[in-house]
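**Student:** Sequence:
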Amino acid sequence: MAKLHDMSCIDGGDLRSRIHFCADTGQIWLHEHRMLLVHAEAQAALRKELIDTLGMARARGLLLRMGFASGARDAELAQTRIRTGDDLAAFMTGPQLHALEGIVGVIPLQLEFDRAAGTFNAEFRWINSWEGQSHKRHFGTCSEPVCWTQIGYACGYSTAFMGRPILYKEAECAGMGAEHCHIVGKPAEEWPDAEEYRRLFAPESIAEQLIDLQAQVEQLRSTIDERARLPGDMIGDSPGFRFALSLLQQAAGSSIAILLLGETGVGKELFTRALHEMSARRDRPLVAINCAAIPHDLVEAELFGVEKGAYTGALAARPGRFERANGGTLFLDEIGDLPLTAQSKLLRVLQEGEVERLGDDKTRRIDVRLVAATNASLAQLVKEGRFRADLYYRLNAFQIDIPPLRQRREDISPLAKHFLRKYAAINGKKLLGFSDKAKKALVGHAWPGNIRELQNTVERGVILAPNGGRVEVDHLFLSGAHIEDEDGFGLGPNGKIDTEQDSLARSLCSAVCDGALTLEQIETTLLETALDKARGNLSSAARMLGLTRPQFAYRLKRLRGEESGAGPGADVTDTLSGRAHA
1 MAKLHDMSCI
11 DGGDLRSRIH
21 FCADTGQIWL
31 HEHRMLLVHA
41 EAQAALRKEL
51 IDTLGMARAR
61 GLLLRMGFAS
71 GARDAELAQT
81 RIRTGDDLAA
91 FMTGPQLHAL
101 EGIVGVIPLQ
111 LEFDRAAGTF
121 NAEFRWINSW
131 EGQSHKRHFG
141 TCSEPVCWTQ
151 IGYACGYSTA
161 FMGRPILYKE
171 AECAGMGAEH
181 CHIVGKPAEE
191 WPDAEEYRRL
201 FAPESIAEQL
211 IDLQAQVEQL
221 RSTIDERARL
231 PGDMIGDSPG
241 FRFALSLLQQ
251 AAGSSIAILL
261 LGETGVGKEL
271 FTRALHEMSA
281 RRDRPLVAIN
291 CAAIPHDLVE
301 AELFGVEKGA
311 YTGALAARPG
321 RFERANGGTL
331 FLDEIGDLPL
341 TAQSKLLRVL
351 QEGEVERLGD
361 DKTRRIDVRL
371 VAATNASLAQ
381 LVKEGRFRAD
391 LYYRLNAFQI
401 DIPPLRQRRE
411 DISPLAKHFL
421 RKYAAINGKK
431 LLGFSDKAKK
441 ALVGHAWPGN
451 IRELQNTVER
461 GVILAPNGGR
471 VEVDHLFLSG
481 AHIEDEDGFG
491 LGPNGKIDTE
501 QDSLARSLCS
511 AVCDGALTLE
521 QIETTLLETA
531 LDKARGNLSS
541 AARMLGLTRP
551 QFAYRLKRLR
561 GEESGAGPGA
571 DVTDTLSGRA
581 HA
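In terms of our numbering, the sequence shown is residues 1 to 582.
Honestly, the hints are just simulated from the structure, not real lab data.
Warning: the hint list may mix true and false statements.
[Claimed, not checked] Below, simulated PhoX-like cross-link-like pairs (lysine-lysine); rule was C-alpha separation at most 20 Å, straight line:
#, residue 1, residue 2
1, K362, K383
2, K430, K417
3, K136, K3
4, K48, K186
5, K383, K308
6, K169, K136
7, K417, K383
8, K417, K440
9, K345, K362
[Said to hold, decoys possible] Simulated DEER-style distance windows between Cβ atoms:
#, residue 1, residue 2, range
10, S377, E49, 55 to 63 Å
11, S254, L54, 49 to 57 Å
12, G353, D297, 21 to 29 Å
C-beta: ideal position from N, C-alpha, C; glycine also.
Can you build the whole structure from these sequences, using the hints too?
**Tutor:** Structural data, given as C-alpha cells:
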C-alpha cells in the first residue's frame, strides 16, 4: 500500500530534465512525446467557442475526453518511473506534470493506493486553476464545477496508472467562486452516479455513426472490383509509388513480360504478387525463384526441368519452374545473375512458348507470365558482355521502377503503423502505437534496406516494447542509428530555461561535487586548452579567459609547478620551453 506522508521525499528534478526545447526545429519534447506551449488566452477563447457552438453539455463531454487522453499519455511517463520501485513517487509524476505544463498547481491532501489490490483514495487541492479562472471570466460564477479538462486529465492519468477506472469529482471549484479547487478520486464503482459520468467519457453518437458509415463505404469499395484488391503490405500514397502501382494495374490485363527495377528491399516480390492477384491468372500458380541463390550448374535444371539420368545425381525426372508455373506467373528475382547459357535458353522459351527439359528432346508447351526483377543495371551488364542484349530488349518491353523508401517519406508512417498492427497481433501484444520521438526517427531515417529494413525494425520494436505501452526510439534503433536530439534547452532546478552552456556548467559542477574531477584538474585543462588555441602566446591565452598576462602566468606556474614537484618558484618560461621541445 502506497501512502503519502511527506511530499519532501518526492523529487521532480528528473521530470524537468526530460523537458527539452529546440529553438531551431520549433519542437518541445517531454520524454518521447512532442508538446506544445500555447497562449492561455488563445486556449480560453477556443474553449469559449466550443461551448458557444456545442452547448455546455456537449462541450463538457468533449473537454473531459480531451483531458482524459492527455492524462493517459502522461501516465506512460509515470510507468517508466515505476521501474524504480517507488509507486508513490511514480504516481506523483502526473500532478507534477500538470503543474509543469502550466495547467494547475497541485497540492496532495490525501493519497493512498494499492495497484495490486486495486484500492485507491485521493484528495488534491488545485491552486491557480487555469480552466476555472477562464470559465469564470467568460461566463461568470457557475453553479456547478467547470474544470472539465483537468478532471478528465486526473481520471485518464489515474485510470491508466492503476489499470482500472478511477473517477474524480470536484468538491469545490474556482469557477463556482471558491478560492481553490478541491478534487476527490476513487474507483468508479464506489461512486453512486458513476454511470452518468461514464456516458460523458463515451464518444458522441454522431461520431459513432460516421465511423459506421465509413466502414460501410470501405466495405462497398472492396466489393466493387475484386480484381483491384492488393496485398495488405501494398501501402502508400507517394507520387512515385502511386505511379509504379498505376503501371502495374495497366499491365495486369495483358500477358506482357514485366521488368521490375529497384533497390534491395523495395518490395519487388510484393509487386509481383499484386500483379498476379489483379490478373486473370490469379487462380493459377505463382512460382518464384531467386537466380542469385542457385548454383550456376543447377540453374537450368531448376528453370527448365530435368529427365532421369540427365546428369550424375538426376535419379528421377522432375519438372522445372516454368512447367510448375504453367497457366500462372513466374517470378525471376535477381535475373542479372543468370548465367549466359541459361539466358539463351530463357530467350527461346519466351519467344517460342516451349520448354525442353535437360536430357530430353521432347518439347512441352507452356503458358507463363514472366516477371523479372533486378537491383542491377541490365543495360550496364549488356555493355560488359554479362547479359544478352536480345534478352534484355525482350524483358524490357514493360519496365516498372519501384522507388526506394527514402523517396517515399510520406509512406513511412502508414507502413510502420501497418507493421506494428501486424506484429503486435503475432506477438499477442496490445500497444498504444509509436511515441512522437519514435515517429520522428522513423521518418528521418535513411532506410538503406528499404521496406524490408523498416519491417524488421518495427518487428524488433514491437518485441521490446512493454505490453500496453508505446514503441519508443530505443526499442527501434538499438545501435543508436536514429536521429540524434537537436541542440536545445532544458529546464533547470529553478524552473527557468537553461541554455546549452548552463547545462554544461551544471554537469561540470556535478562532476566536481561527485568527486569525478577536481578543481585543479579543471583549471589545468582550461589553461592548457587556452594556451593551445593561442599557440603558446600567453597574452592571447589570458585574453580568452578574461585574465591579465601576469594572472595567467602565475596560475599556470603554480599548477604546473605542483604537477612537476618543482614548487611555486619554477619559471613558467622553462615549462613552456620544455613543452615546445617535447
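**Student:** Hint by hint, note whether the structure agrees.
**Tutor:** Do the hints match the structure? See the list:
For the proposed pair K362 and K383, the alpha carbon gap of about 35 Å is over 20 Å, so the pair is violated. Among the hinted pairs, K430 with K417 is consistent with the structure: their alpha-carbon atoms are about 13 Å apart, no more than 20 Å. Restraint check for K136 and K3: the C-alpha separation of about 35 Å exceeds 20 Å, so the hint is violated. Of the pairs offered as hints, the one joining K48 and K186 is violated, with about 30 Å between alpha carbons and a cut-off of 20 Å exceeded.
This hinted pair does not check out: K383 and K308 have alpha carbons roughly 38 Å apart, beyond 20 Å. With a C-alpha separation of about 18 Å, the suggested pairing of K169 with K136 holds against the 20 Å cut-off. Distance hint between K417 and K383 is unfulfilled; the C-alpha atoms sit about 43 Å from each other, more than 20 Å. For the hint linking K417 to K440, the alpha-carbon distance of about 13 Å falls within 20 Å, and the restraint holds.
A hinted pair counts as satisfied when its Cα atoms are at most 20 Å apart, and K345 with K362 qualifies at roughly 15 Å. The hint said 55 to 63 Å for the Cβ distance between S377 and E49, and at roughly 59 Å that hint holds. A C-beta distance of roughly 55 Å is found between S254 and L54, which places it inside the suggested range of 49 to 57 Å. Between G353 and D297 the beta carbon distance is about 26 Å. The supplied range of 21 to 29 Å therefore holds.
The earlier numbered hints that this structure contradicts are 1, 3, 4, 5, 7.
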